[in-house]
Every structure is written in structure tokens, then in C-alpha cells.
Amino acid sequence: MAMKQNYMIIDVAKCHDCNNCFLACQDEHAENDWAPYQAPMPRHGHRWMDILRHERGQNDRIDVAFLPKPCLQCENPPCAKGGDFVSVREDGIVVFDLKAGKGKDISGSCPYGAIWWNAAEQVSQKCDFCAHLLDDASWEPGIPRCVHTCPTGAMAFVSEEAAAFAKRVEAEGLAAYKPETVAKPHVWYKNLHRYTKNFVAGQVLKGGDVAPDVVVTLKGADSTAQLVSDMFGEFRFDGLSDGEYALAAEGKELAKVKVAGTSVDAGDFEI
Amino acid sequence: MSDKRKLVRKSQMTTGGPCWVYVDEEENKIVRITPIDLTDEDAPSYKIEAHGRTFSPPRKSTMTPITAASKSYVHTDKRLLYPLKRIGFDPKGERNQELRGTPQPGGDPNYPGYERISWDEALDMVADEITYCKREVGPGSVVIECSSHHTWGLVNYRHSLLPRFMNTIGASMVDHNPDSWDGWHWGAIHTWGHSARLGIAEQTDGYVDCIQNCEMIVWWSSDPETTGGIYGGFESTVRRQWLQELGVKFIFIDPHYNHTNALCGGKWFSPQLGTDAALAAAIAYVWITEGTYDKDYVATHTHGFDEWTKYILGETDGVPKTPDWAAAECNLKAHDIRALAREWAKHRTMLAAGGKGGWGGCCRSPIGMDWSRMMVALIAMQGLGKPGVGIYTTTEGAPVDSDFYFPGYADGGIGGDPENSAAAFALAPRLFAHGTGNHPTGTNIVTAAGAHLDRLLLPESILDGHAEWSGRGFVGASIEQQFHRYHYPADGYAKMHLFYKYGGSQIGTMGSTNRYVKMYRTKNLPMVVSQSIWFEGETKFADVILPACTNFERWDVSEWASNSGYNPDSHNQANHRFIVLQEKCVEPLGESKSDYHIFWDVCKRLGLGEVFSDGKDTLDWCEAIYNVSDMPSKMSWDEFKEKKYYIVPVDNKAPDAPPYRWFYEDRPQDTRGWISHQKPSETIGCKGLQTQSGKIEFVSNSLKRFGHHDTDDKERPLMPMYLESWEGHHSERFKDYPLAVVSPHPRFSFHTMGDAKDSFLNDVKDHRVKVDGHDYWIFRMNEADAKERGIKDGDLIRAYNERGSVVFCCRITKRVPKGTCHCYESCAEYDPLGTPGESTDRAGCINMLTPARTLSKYATGMTTEHCLVQVEKWNGR
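Chains as they are written, first to last, in this note's numbering: chain A, 1 to 271; chain B, 272 to 1148.
Okay, chain A solo, but in the shape it has when bound:
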């Protein structure tokens, strides 16, 4: 029977940067010795849970997304090239052997920047899904500290067989951060487009007043999207890749919009 694997699912749309995950991680690890799992994390400076921020848009049509990023627990961990003290447990957690890793700084080996060098302890360190707790039957919550302390439901911890999880990825529309790295991570994201893609927004007006319920079309090189303006006559096409787009409403072209790495407030349009 295949071994159950540990996964983390993080919903970017439900994270508002409260930092409870980051602080729970500091609380668990800073100045706490969990040998043989982990040496004490320094009081300051490490971010085993690193919360990345991304603001999009212009003027009053903006949004902000946060991407909490722990070690992604890769199935093919690039950090393994850094030394033989890196291994993948049967449950999918990537661990560093404390003794064998002494003196070995592999913080540069991670394409996600998730490994930190602890100069005082002379070890490379990173998130291990709180393995010392998962292995401890007396730890009642049974999940990593960050997930347990998250107040918005942005984080979930899942233990299931790889095949079941693959189905979940499909069903829930989960995405991997930096998929080009092909390291097969065990941390997956919902609504990742809020962090990695862009939007085109704007507003339609009729006779100087906002125009709700207007069908607005956005035509790209090989796709067309449609939506209905909201009660402020506003529309927002999200999840866009870079490229040139044409905005239209009621058979009239409103504007040509270029998305090049940033989201665009196309403005207000009298139609």
C-alpha cells in the first residue's frame, strides 16, 4: 500500500498577511531546540514561512495578494544536490540531517529561496511541516503550527495518497508556484493567479452615470472573455497573461490595452 503523503494547500485569496503563520513558526522554532529534527532557529532573521506581497492595478482599482511560502517539500528537491544530508521522508517531508549537515550552507541551492543559514548553529534550516510535532502522538492538533494558527482558513494540511491528491489538484484547481522549476512540490496554491497573473479593469458609464449590467468583452490574441459590469459599472478581467487586448462593450471598442507584467486600470468609458 502506498504511503500517505503530506501536503499543504494555501489559498492566496484568503490570506491577508496577518502573519500568524509566520509568528507561529517563530514561536515553535526560535530558541527552541527540537533535535534531532531541528536546531534552534535564531530569534530574528529567518523566514521559514516567508510571506510575499504583490500589489496590482492603479488608482482606486487595485488589489493586493500575499503568498505564504514555506519550504515547498519537493519530491525532487533541488537542495539535495547540496549534500547527502538532505532526504525525503516516506511521508513526503524534506528533512536535513542535523549532524551530517553541520557546517554545510546550502541556502543558495533552493530556487524558491526557502533555506536559511543559521550561523550560530552552523546548519542550513527550513520548514519541515513541524515534523517533530507530526511524529508526536501527544500533539493533539496533529497539523503544523502555521496551519493550526491560521485564522482565515487560508491554509489546509492534507495527508493522503499521491493519486488522491492528484485528483484533488484537478478538482480544486490547485497550482504550483514557479511550475517551471519542475521539482514537484507538496505545497500547492489556490487562486495563485492573484499573485502571478494580471487583470484589466475599468468602468462603463452612460450619460455620466455608472452603467451596471453591461456586457464587456476582452479579446486577446487567442482568447475572448466576457463579463457583466457590476453595480458601479465596473469590470475586472483577471488571470491574464502578458499580451495585447481589446476592450469592447455594446459593439463598441473601448480601448486597446497592453498587459506587460502589470495589471491595468483602463479607465472610465462613456458608452
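The set of hints was computed from the structure by calculation and includes no laboratory data.
It is possible that part of the hints are untrue.
Said to hold, decoys possible - Calculated pairs, PhoX-like style, for lysine-lysine (alpha carbon to alpha carbon, straight line, at most 20 Å):
1. Lys657(B) to Lys924(B)
2. Lys14(A) to Lys331(B)
3. Lys14(A) to Lys1036(B)
4. Lys206(A) to Lys604(B)
5. Lys1144(B) to Lys1041(B)
6. Lys924(B) to Lys855(B)
7. Lys197(A) to Lys1085(B)
8. Lys14(A) to Lys520(B)
Once you've looked at the hints, dock chain B against the given chain A.
For chain B alone, coordinates are given in the frame of chain A:
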């Protein structure tokens, strides 16, 4: 190694939620702090039926980031571990007051400028000075000033322990202005009464009405994901998520694209600072001119609407308050304002004004009184109390059983003070054989007839020797009481001689706070004692420092989020009523002691130890309070000590009494909870509001009676109006200081709790930024404003005006428009680069730059929510 380390799990309560505390007793160290998962043994959670669905909250407590980081400010090098005396201070000789805040050489390396003394020496110095004050100076000369919030617990909280101490030794106190409630307290009270709630709206049982009936919420100066109703952690987050799942539309009005807006989405209006009342007036203009307000309700439930209508239409001042007019005032688009007004009128809309049905945000600004009154005016026009229509913010009003009695911190605890707490209503009569009245003994000195100081005017009181103001502290007994004049020194009382600081953070939380620094450095203040936990900020101005411990190091008992008093039934911020034993998790660090033990020791020195303690230690008091609550009907004290917490079962009564339904239906008030009710004497047949007309007053009878509205109280006209802010874009100051900074309640510190102290919070990217080894406070700017000044993201900058100068780290963000900046208040440290009180601070105290001016001559409220500054790149030194 984990299997080598034996951990004991203990229970605690904090300002930001209950928690389990895992302790290594051998090392006397907290190892971890977690939320509490409920078990099957605990009472079932509430269930709400709405739109064919059933909603029930997660069976786990939430906690704020400040609570999550607690361990790091319990165990920190910034803790005070033994008593200290300032070098240069000789209680029997030269006191060198002017050197306070300037550390003299030769001190303790851990506490520059101070030398270690024994507890005996420290207590002698304090007791000798109290004796001197009593015998040589006279009543009124010993003055205590505490922080707004304290470490949690019914015994050790300041409303409990402090009055007991003051009444034992005969000290007076610095009265606290109703900070965070200011505009509602001094303004909205005159529109709809509610003095017993300091002017804010009923919230009890609001959620069920909201989820069943409301279609839209306008969040106006409201960021519940940051302030959580004050103590509710993230309990209300799920309540907002349910509303969104049901399709309730959210609109946000806030100069800053706040964290609730960021999480929930929804249209963002960012009015120019100081112009919110103009936006409100324009909404009313649309409703009046398009006839989309509830005319029947206005006719039967309000007073003075016709006169106000004339103002809105411009008939009295020649300025129709049109959306186009407001768009220019507020820097918004007129078509968006019209759409907002029309959608609001079309939908059953909750106005989420402020942090908890009022409170916080814009109400603390120069236009706070008019904004708060405008909020009441708008919701009156749409029928306050109609299903789904009210001033409600989701942070309170969870459907829990508020009839089950367990006291909150404002119920007076072991002090029983009927004038400075809500003790007389329930707890004192239950707890004390001789009923209400001060405990252990009454003194007039802390009553209305006693000696007084007002916190906002404290520097002037000390430096100039006199001050005059209206209203004593939180004025809740009646509308008119806030007009009562006070002065310092009170007739026949001595001036302050011994200033006893009990925690506190005025430099971080008041306005123009260089004033407070200057106050400390005057000969007019012969001695300053500070009873504090950390060596930081204001503590470093004391002559003698008494090291207190945290709540994690002493016993107590309490309920989550329960203040009671002016904030009735606030336990309903949490999704479960959590009554918790606050265990002494670790022994007090170093030589620090609990506040109870320090006060007890001082009393012992004065021969009043027995009087103070009544022979009881902290845990005895916990048991005594527990036993007069409704808890013994559920479990004995001993059982509770085993179980450590209790979840009060729900009673499913909520739908009967939503906020203001009684007012809408012209019935006697039926709001649940013992303290929410109007005084019958202020009503006819227990119906109607507390105002003279019993209605919502667009024209305030109380202000008319007061009679200063057209002479020297012009900031508070009879009606809610848009007055140009004296700290806004029309003011003279705007020419020199063209950037408006909003400085709301902070996200990563609670007042000053959690900030600095070498805590984990310093590493939160949105709280402080480390530059060259120093953790700088963040100042948020729009890219255009930064560019004009040659400033890049991450640069150190200096913000300044004529009040002061502060260094920050710049964060460039889209979350404020051009011209508006954002910088949280409540920095814990003070780090002057030159002469204290006269030089640049680099700790990040924005309140150095905020106004000292009160709301008006007769409205002693603070106006620190925004200020005008200029900003430049800072190149150090």
C-alpha cells in the same frame, strides 16, 4: 530533543484571545503558545439558519498576531528584572528632574542610566514619598496614570486592582479621555443618546439579523481584520466570509485600502483626509433629491430633519451638498458617489461605521464629531432598526447567551469602584458584603468631587500648573455630564507631586507627544515612579522603576473579549463565550512581581497591607469572583481549575431582539444583557432613545440647551455638518505640510503591547524594517509622492511638522492615493537623536506629529487620527 523535554500545558487569556501555553517548568520557560481547540465535552456551537443554509463557527479559538508572538515579549532582554533607580536621582537630595530621559553614565549595562536597587530600597523610596506627600503636600499630590489597556485578567486588570490600591493609599488618577470613542462620545451622543455606550450603536444579537436580512454593507472607516472589535481576535472573519458566500455586497470607504478590503474585495472609496462628512452629506443629498429615503420613518423616528434638509440642499449656506461638490472636496468621482447613494438606498444596507458600531478611525480626527453624527443621520434616513438596516460591523453580536453572568474587566473586580468602573451594577453587590462603594475603603479623591487631571492636558497641567476642561474621563452616566467643567488643581487640592505610572504609553498613543517628554523633564514634577514590565519608551523617564511581570506569570480568571461597562456584552465578539483560568504559567522572571504583589508591598510599607489584601492572595480573589458569577451553577471552582476553561452554552434566543428593532417598532427596549438598557427615567414607558425628543435628533436639543454652538463651540454645530478640517487641505498648514497621514489603530501591536521589546513582531515585514541594525517603523506613501521627493521603497525618510520630526522606513504602496500617507500609531519605543522632546525620534512615533488640539473647547476628545506633514529623504544624523 523533544522526547527529553517535558512540557506542561497551561491555560491563559490575552487581549487577543485565549491560549494554551506549553511550559518547560524546569527551565521556567514558555515553549509554545497555541489557540484552543474545543472538544466534544464542550458545549455545542451556535447554529444560524439563513437563506436555506446553516452556519456554525469553527470549534477553535483564533488569536491576534500580537498574542501569537507573546512568548517573545515575555522572554526578552527588554524585560525589567529588578528594581532600578535613575542615576542622578537622590530622593533625599538633588533630584535632577531635567535629566530624565538623558541617561547618565555609570549605570547598569542592561539598563543605561539606571542602577540596580533592592526591592526594600525601592519600596522605601516610594512609601517615603507617599508619606511625604500625605503629610507635607496634601491630598491630590499622589497621582496615578495607567495605560488604556492592561495585561488581561479580572483581578489584575486596571479597573480592578488599581482603584483598590488608590483607595487604600488615597491617590488620585489621571482621567482618561474616551480614546477611540471620541467623535461618538462627544458628537453622536447628541444625535441619538447612548451615553452608557459612549455614543456608539447597539450590537448585541446583530449578526443573525445581518446575515438573514442584509444585502449590502458599507464599511466606513472600518477595518475589522485589523482591530477585530478590540479583543475578538479573528473571530469575526468567518462571519464576514459567510456573508460573502451569500452574496452580500461590500463597499469600503477608507483613505487606506485596508486589510478587510484587501481580503474581501469590493469597491474602494478613498476620501481625502478630513472630508468624510462631505461624502456623507452628498449621499444624503442624493436621497433627498431623488426621494429614496424612508420618509415615514424620518417623520416618526427623527427630529429636526427639515432644518437639516435645508442645510444639505444649500438653502441655508448657499452650498448644495451635491455629488459634484463632494467629489471635488473628497477627491472622488461624482458618478461613483451617486452610484453609492443609489445602491445603498436600493439595498437593505448595514453601515459598518468604525470598528464596533462606532469607535476608532475617523471619529478620532478633527472632524470626528461631525462624521459620527453624519453616520447616525444616514442610517436614520434608511430606517435604523429595520431588518438588515443599522450601524453594525460584524465584530460583535454573535448569537451567544449574554444572560449568563460572568463579569468583564470594567465591572470593577476587586476594586468595586462605582465611579470609575461599572462595579455598582452587578459585581460589587455580589462580591462585597457591604455592597457598592469603593473597596476596601471609600475615598472621595477619585470621585467627581475629588482631584482631577485629564490625560490629554496632562503636559500643560504640569508645565503651566493649571488646566481647564469639560467632562471627567469616560462620561457615561448622562448626556449632560460631559458639559461639566473641571480644572487642575481642583479647589483645595494640592498639585501633583508624585507621579506613579502604572504601565503606560502616552508618548506612543496621545497627540503631539513631545509635550509629554517635556513634562517629564521639569522641576514641577518632583518624583516619577514607573511600575512597568519592559524597559522602553516612557519607562525610561522614571526615577524609580518597579518591575512588574506579565499575565503569563501570575494567576487570574477572566472571559475572552469581555469588557462589560461601556462596552456591554462584548464577549459576543467571540464565537464562543470562553471563560478561562489564567494559570501562572511560569514564575515571575528575575525579581519581577505581579501588579497585585507590588501594590500589596507598597501598602504594607504604609501599614495598610491587611486593608489592601483583605487577607487574600490573587488566587483567593479569583475564586471569590468566580463564586459570585453564574459559573458555580455549572461547575465548582475546583472542577474549573481542573478543566481550565468553560464554554457557555448557547440559548438560541438571538432572533428575538436584534439591535434597534424595538425602536423601529416603537416597543420598550428588549436588547439582551444587563447593561445595554436605557435608563427608564430618560424614556417614556421604556420606549425611545435617550435624547430629549426620544428620537434621532438631526438638530440636537442637548447642544441647543448647552448654548455654545454659535459662540465658542463652533466645531460642534447643532446639526451634523461638513466643516473644513483645521488639519486638512483647506488649512494654512497645508502649504507647508502638504501630505496628510492617516494613523489608525495598529495591526501588529496592541496599543504598545507587542511592539519593539525585541519581539518576533519586529520581523513582520509590514510592521518594522531592519536598516543598518535598527528596526524602523513603516511609513506608507504613494509612488508619485515618493518620486517627487526622490524617495525609493525601503529608504529612510523623515516626516516632520512644527510639532516634531520622526524617522521612518518608507514603504511605497498603491494602497494610498497621492497626497495621502499611512502610518500606524502606537509605537512602544522613543528614541530621540538629540535632546529629548526637542529632537528627531527614530523609534517611529507618528504621534509626535499629530495634533494636541481637542475636538473643541468643550469636547475633550483627541484628534490624532490624521495630521499634515512634509517628508524628505533622510540621510542620517
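Quiz item: Against which earlier hints does the structure fall short, listed by number upward?
Solution: 6
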